[in-house]
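Protein chains in written order, with the working numbering: chain A, 10 to 325; chain B, 10 to 325; chain C, 10 to 325; chain D, 10 to 325; chain E, 10 to 325; chain F, 10 to 325.
Hints in this document: simulated from the structure, not taken from any laboratory.
Where hints are given, some of them may not hold.
If several chains are the same, the list does not tell them apart, and a pair holds so long as it fits within one copy or across any two.
[Claimed, not checked] Lysine-lysine pairs mimicking BS3-like chemistry, simulated, CA-CA at most 25 Å apart:
id: 1; residue 1: K49; residue 2: K17
id: 2; residue 1: K105; residue 2: K266
id: 3; residue 1: K266; residue 2: K115
id: 4; residue 1: K248; residue 2: K115
id: 5; residue 1: K322; residue 2: K248
id: 6; residue 1: K183; residue 2: K105
id: 7; residue 1: K60; residue 2: K36
These numbers come from a predicted model, not from an experiment.
Protein chains: 6
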Amino acid sequence: MADAIGIKHYKNGDTFEGFLLIKSATKGTTSGGQPFLSLKLSDATGDIEMKFWNVTEQDIANYTNGKVVELKANVNEYRGALQLQMQQIFISDAAKEMSAEDFMEKAPVSKIELQNEIDETIFNMQNDAIRSIVRSFIERYNHEFFVYPAAATIHHAFISGLAYHTVTMLRIAKSLTAIYPDMNKDLLYAGVILHDIGKIHEFTSATDTTRTRDGNLLGHIPIMASEVKEVAKELSIEKDSEEVSLLQHMVLSHHGKPEWGSARTPLIQEAELLHMIDNIDAKMNTIGRTLEKTRAGEFSEKIFALDNRSFYKPLI
Amino acid sequence: MADAIGIKHYKNGDTFEGFLLIKSATKGTTSGGQPFLSLKLSDATGDIEMKFWNVTEQDIANYTNGKVVELKANVNEYRGALQLQMQQIFISDAAKEMSAEDFMEKAPVSKIELQNEIDETIFNMQNDAIRSIVRSFIERYNHEFFVYPAAATIHHAFISGLAYHTVTMLRIAKSLTAIYPDMNKDLLYAGVILHDIGKIHEFTSATDTTRTRDGNLLGHIPIMASEVKEVAKELSIEKDSEEVSLLQHMVLSHHGKPEWGSARTPLIQEAELLHMIDNIDAKMNTIGRTLEKTRAGEFSEKIFALDNRSFYKPLI
Amino acid sequence: MADAIGIKHYKNGDTFEGFLLIKSATKGTTSGGQPFLSLKLSDATGDIEMKFWNVTEQDIANYTNGKVVELKANVNEYRGALQLQMQQIFISDAAKEMSAEDFMEKAPVSKIELQNEIDETIFNMQNDAIRSIVRSFIERYNHEFFVYPAAATIHHAFISGLAYHTVTMLRIAKSLTAIYPDMNKDLLYAGVILHDIGKIHEFTSATDTTRTRDGNLLGHIPIMASEVKEVAKELSIEKDSEEVSLLQHMVLSHHGKPEWGSARTPLIQEAELLHMIDNIDAKMNTIGRTLEKTRAGEFSEKIFALDNRSFYKPLI
Amino acid sequence: MADAIGIKHYKNGDTFEGFLLIKSATKGTTSGGQPFLSLKLSDATGDIEMKFWNVTEQDIANYTNGKVVELKANVNEYRGALQLQMQQIFISDAAKEMSAEDFMEKAPVSKIELQNEIDETIFNMQNDAIRSIVRSFIERYNHEFFVYPAAATIHHAFISGLAYHTVTMLRIAKSLTAIYPDMNKDLLYAGVILHDIGKIHEFTSATDTTRTRDGNLLGHIPIMASEVKEVAKELSIEKDSEEVSLLQHMVLSHHGKPEWGSARTPLIQEAELLHMIDNIDAKMNTIGRTLEKTRAGEFSEKIFALDNRSFYKPLI
Amino acid sequence: MADAIGIKHYKNGDTFEGFLLIKSATKGTTSGGQPFLSLKLSDATGDIEMKFWNVTEQDIANYTNGKVVELKANVNEYRGALQLQMQQIFISDAAKEMSAEDFMEKAPVSKIELQNEIDETIFNMQNDAIRSIVRSFIERYNHEFFVYPAAATIHHAFISGLAYHTVTMLRIAKSLTAIYPDMNKDLLYAGVILHDIGKIHEFTSATDTTRTRDGNLLGHIPIMASEVKEVAKELSIEKDSEEVSLLQHMVLSHHGKPEWGSARTPLIQEAELLHMIDNIDAKMNTIGRTLEKTRAGEFSEKIFALDNRSFYKPLI
Amino acid sequence: MADAIGIKHYKNGDTFEGFLLIKSATKGTTSGGQPFLSLKLSDATGDIEMKFWNVTEQDIANYTNGKVVELKANVNEYRGALQLQMQQIFISDAAKEMSAEDFMEKAPVSKIELQNEIDETIFNMQNDAIRSIVRSFIERYNHEFFVYPAAATIHHAFISGLAYHTVTMLRIAKSLTAIYPDMNKDLLYAGVILHDIGKIHEFTSATDTTRTRDGNLLGHIPIMASEVKEVAKELSIEKDSEEVSLLQHMVLSHHGKPEWGSARTPLIQEAELLHMIDNIDAKMNTIGRTLEKTRAGEFSEKIFALDNRSFYKPLI
């Protein structure tokens, strides 16, 4: 585990000794021609920058994205932000045994809690085919589902982000089925749980969201639509089952429009609603995280994923 | 009041005697050159078509959109649909005293219930400026707000549609503020209540949604943004009050994007959420009303307001 | 079989006696209120219109799209076009035994010839995984593949259209791999053969191109991408085989852009080329069929599928 | 006042002593890690760059955008452009008493002349309601209207730009009403005068075009539409006056299309014409200022506001 | 010449005897199967409809678009509009000698006046190359230029519309060069005069705006750009003359953007201005003609060419 | 000629002595304020970077884009790429006599071969007018046509690129006319040969693809359409010849859509096909050149001209 206090709590003049994760390592060259690395280091509480001057080829090969390092450094203020001034760095044996996940931000709700809420939802499903398909997926990806982030950079880009996004959407879905009682609950909740599971194949790992070959060539939506059918076959659900088609449709259409990456447009009301719930949670998470860094009475930094808008944080 | 049974319950071979509202009257000419009127007649239970043959210029002037008529007619089946075959029609004194509203479809919730939910929401608002502005609007349009439809043709196009749409949106808003606790409740609920009040100026009356001069030249959004400022001034709320700006912004931005008729894009999180809640309720109401007329296992008629999609009604 | 001469060869004043297929049956009503059917009747040589006056409800139920009828009628000219004036119509036992396919337009190349060209192409493939997947599909849909049309209305909308479109595309693909030798031949030819096979699930039957439930909810592209994976599994091709991903990608991206219905954009050069070859053959077939009906020196009717353009047929 | 000669007239090797305005101050860091400020300094004749090396935190806080400074510096040529090499800088008492406006570029026509042309136009208006509303606005913003720029960066971005843009548009409007006599002169001229007054609320001040809170949340168009109504009420013009609606419409629609920031599309001919006149003057001013810096026979720098086009300056 | 009074002045119950032009002739069929022609007949004052019942094939061949007919008919009112009830129709020798132009609407300014204004503008040009090219075009198309309409259906769709549109644009151009003195007058005025001359090749004739083969295949813009070069060569203006390129550029870019049919975007300020002047005159003419048919206080019919907007005609 | 081995074959530690072409020369300034030049130097085998430190104004004037230089320099590795470290540079008399063309990349097919294939195609044309026009162009631009590149940066951006692109397109065209026999061969092949000849006027020279004045103001498409007419006139082909119009149409429409720079949309089938053939060859050349630099199993750099896609290079 990272230092108990966490990098976020250090102040100008402090000395840091402990472990941090390399989130990114970018090569640069001084005007004098010397190579250096700009490292972004993190633990679960936050990020800090550090320059690693006069690096060798070997250093560049060692200190890469995803490695945990052991480190001694001074904390300085530079242009209004804190940074580390390196004294010592190495990849100790202790560091090698640590898990990158432990140095990353996590969802604000525990895995157990997320798991319980998913399980209970599945348990209460009435339709046998839907329930068994959804359960089968959660069993198949029992580890990954509760560790992966929901997106690479924009929303829910943290450990357990996928499950946290899913559970938040389930809560919205449940309040909406109370308001719109004609909705098929099983279908809607199953759509919520399944819609982004394909990201487990799209990202390289829970801590590295670089896209895989199939993430690029196929995309999480067609991968998942195909896997729904495969799982149904394994469960001996009949070939032309309406449930299987509907679940595939929920997955295929949840981005809403072709130009937003949807393979189909929603053609059942549950699919239309799924798309809107997904939208709400993605946007509210993105804006919320940005406003946390904004002072009341001011406009935030521009948010690329939201048409580059700056959001205002009211004083009231 | 229309016949207690309601036009929807008549069958082929019945005779209708009673009152109906002219919802539309369209002139036609037979291939023999004779003028006639195609009337769409309604009561609160539904619509029926009737031809009025050999009309005079006087008839055309009398039997217009919005009039209640007294009528005797046979109910016939023609190309799979029922229609009336006219025997007698006149605008009796009894008809003149009736209210068009009573012959139109109504929201499935009573005015009292809608009113109570609105009032309670306002009563619980913490911010004085916001509460007094919203209350002032509900008092000012105490009659209209609970009678107007929310749209001319697409969603909530029935008596009390505006208040019903508003109350449904409030329910969604309340469940979402429980999920996203950083939301400013007063601001969001006030935005929900105020967002469409300008339609009272945009439509000619609760039973005639033809656009007024100002409905066309100004539109309900700028009309309402202007009126929020006017009301704030009457209530002696200070000129540069953040609350007034925020409420105006909620109204101005609730259509989301300029190309969807929004005068601003949402720049506070409550405005972004208001837009999405409005979207959900408008779409769910539109799809829901269409699926009511669709058989399970089939695709609905195309819905123009939803990119001309046909929605599927599952068998499960 | 339809009359050996074929409906296209009848002239004003002739009498037709024989069998025709009902391609479409549309209900109408005379100004006097009498119901009738406008029938579009065809054999393999062409179409002709016929009115069926004073139809009963029973007639409407019997004489539907896809039925073969036995018929006696006069051939008349009306507004510059020939039409049939009905004398007798019935669905005889002889008619019931006939196949709708025999009364529809066919590809200008025989099934045998198409089959040989496909088989030879598969035989010459070097890559085992690709060859066995493609062969498996052709065996699985051995009948359908050589009977289905390639589209409902626009291009290759005739019996064997799918196979004819595929073979023409193969010919183009082969000439282009000679010009661009870096192309992977197996991959490109496999993409050509597989790209539209999903239409077999999208259309109700070879003679009825109404979309099925899954044709609407899933679409031929995701259906096929999923089936490629399923077939690969049955053939015990390893799970992460690059070949399977590449073939799925060819299918998913062959419409080029999301707004043209593509689930992915092409990301390998063979996929980009497949899209362009598909485009060439679809457009040339559409324009060619329109120009056949256009006089030299004049502009054709507008072609909806080609941005509503009128094409000019040169005199030279 | 700035040095009588003006910064534009200095040459390589000269020494500057006097006052200049800081138009922008940007922090930088040398490769050796030392902070510095890049200052853009101006008087009414033009701009010049100067580096302020080795700045303290206090310097960064003092030397900000909008301050007038007293300064001694050498004029040097660097990469083909002149720049100042600082010897001494301070914010003297004399500097503090100077007005930023005096160090900025001004419209090429005097305030008096602009004022006279506006007054005469208002004096000649026939319609009482229109004349009194327009006069009321000019009295209310008598100072600001003749000092503010018309835009932040693109066109008429100089002192009195708003009034100069307005008067130029009035001249165009007057020549067009001679050509199109059906135009309502009062309405068109009133639209010209009022259309951009809301920018007084949108910009922080005449010399600082940063957007205000309401400039962002509401925008100059809805602000102004609302204020037209408020002024009409103060003048006791009747509530449903057509004149008030028409003036509001002129303001709301003058950007032409929603995607260009218009709250309404123009629905009266005077509004359509207002939009086109605004366009002409904005574009001609933008191109004209760019061509001033371009040599004959060459293409100008790219103009972002005009679709990034480079304009050619002919030799003839 | 058409009847001195003009068709516009006839009333219900009158009898018309005289000559009219067939503006359009559309075939129809009665519900009884009888062919008829719907004729739109005109003289210079306006249009009227007439049915020609029971036509023969010969009639259909004779009574076509562009023919002048001699006619006796009653004037009746039908559905609020006047129409003619035919008694006698024939193409008399007198009719054959008449010119279709005389039966069409004309520009409100005489040819002589238009010609003088064009000539004077050319006479005052300073640049020899520009003046001689423009003069050469006006001489080459001395008849056509003063007879052709400027468009087929939208704006200035009347005899002399091209010259009238040109002269109105010249008036605007002259008032704008007074306001923007940096404009090159010769270039701008030449651009105005030449910009639409290619329509003489695009339309079949002054009275028949059906597009020619080259009107379709090439379009008036490339045709004209090519002809400018040809004329310059005939005048022995040197090959790389800047004037010729600039004039070609004015023609090529006058539609502003590619999606509006422009072969280039404007890259000189005179071209940008030409586009905007063309726009003003086209739109003002279109709106003006529509508002002539609209009552004050009402909204006009929708104008397709202006994004389907309905324009309001104020009461003031 | 450049060094026989070619710059591509040098390794770290080698010394280069010989001639190279300056492909681009960009001024920079060190953080110490010293001016330098970043040179991109090339021969026919490839490019290499070199810094030229402490340059004088005279050096900047001498060492410009397009010059051949004589040079002695060490080959070093820097950040994974080779670069030259300058020892001596001068523009020797030997260098002045060399041709820039010889230091640039060339088409992979010889000029003679390209010329033969063009000539044979022209020789086989049946239509006299088409053959004589095309031959006339090849004679007129006999040198340029076989030297110019086909584009500035994207596809076929090398010596003889224009002819190579043309010949490759001819091969595709010939294989397609075998598949679609209704195509007019002469028209299609003529369109292929003529379509990009206007680029000879658009680019400054074969080795400098900066756009000329007319390249910007007119563009290669209208320039060429105009020249086709001019050549036809010189050959005394009759004025309204369909052939001339068709050839002009081929040129005007070969970019397909207005938003892609097309002056017309294709309205003959040969023009539609020409556009698609052009597209295929431009895209295949662009992707092919990018994949040459990509390792199997990886994704390429993003290709701006192809919607910024990264292409995958399969392992199979």
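Verification of the hints:
1. For a Cα distance limit of 25 Å, the shortest separation of K49 from K17 inside one copy, 13 Å, qualifies, whereas the shortest one across copies, 37 Å, does not.
2. In this assembly of identical chains, K105 and K266 lie within 25 Å of each other by CA distance neither inside one copy nor across copies; the values are 44 Å within and 45 Å between.
3. When the C-alpha separation of K266 and K115 is checked against a cutoff of 25 Å, the pair qualifies neither within a copy, at 31 Å, nor between copies, at 33 Å.
4. Proximity of K248 to K115 under the C-alpha cut-off of 25 Å is found in neither arrangement, the shortest distances being 40 Å within a copy and 32 Å between copies.
5. Taking the shortest alpha-carbon separations for K322 and K248, only the inter-copy value of 20 Å comes in at or below 25 Å, while the best intra-copy value is 52 Å.
6. Taking the shortest Cα distances, K183 and K105 never come within 25 Å of each other, neither inside one copy (43 Å) nor across copies (48 Å).
7. Proximity of K60 to K36 under the C-alpha cut-off of 25 Å is found in both arrangements, the shortest distances being 10 Å within a copy and 20 Å between copies.
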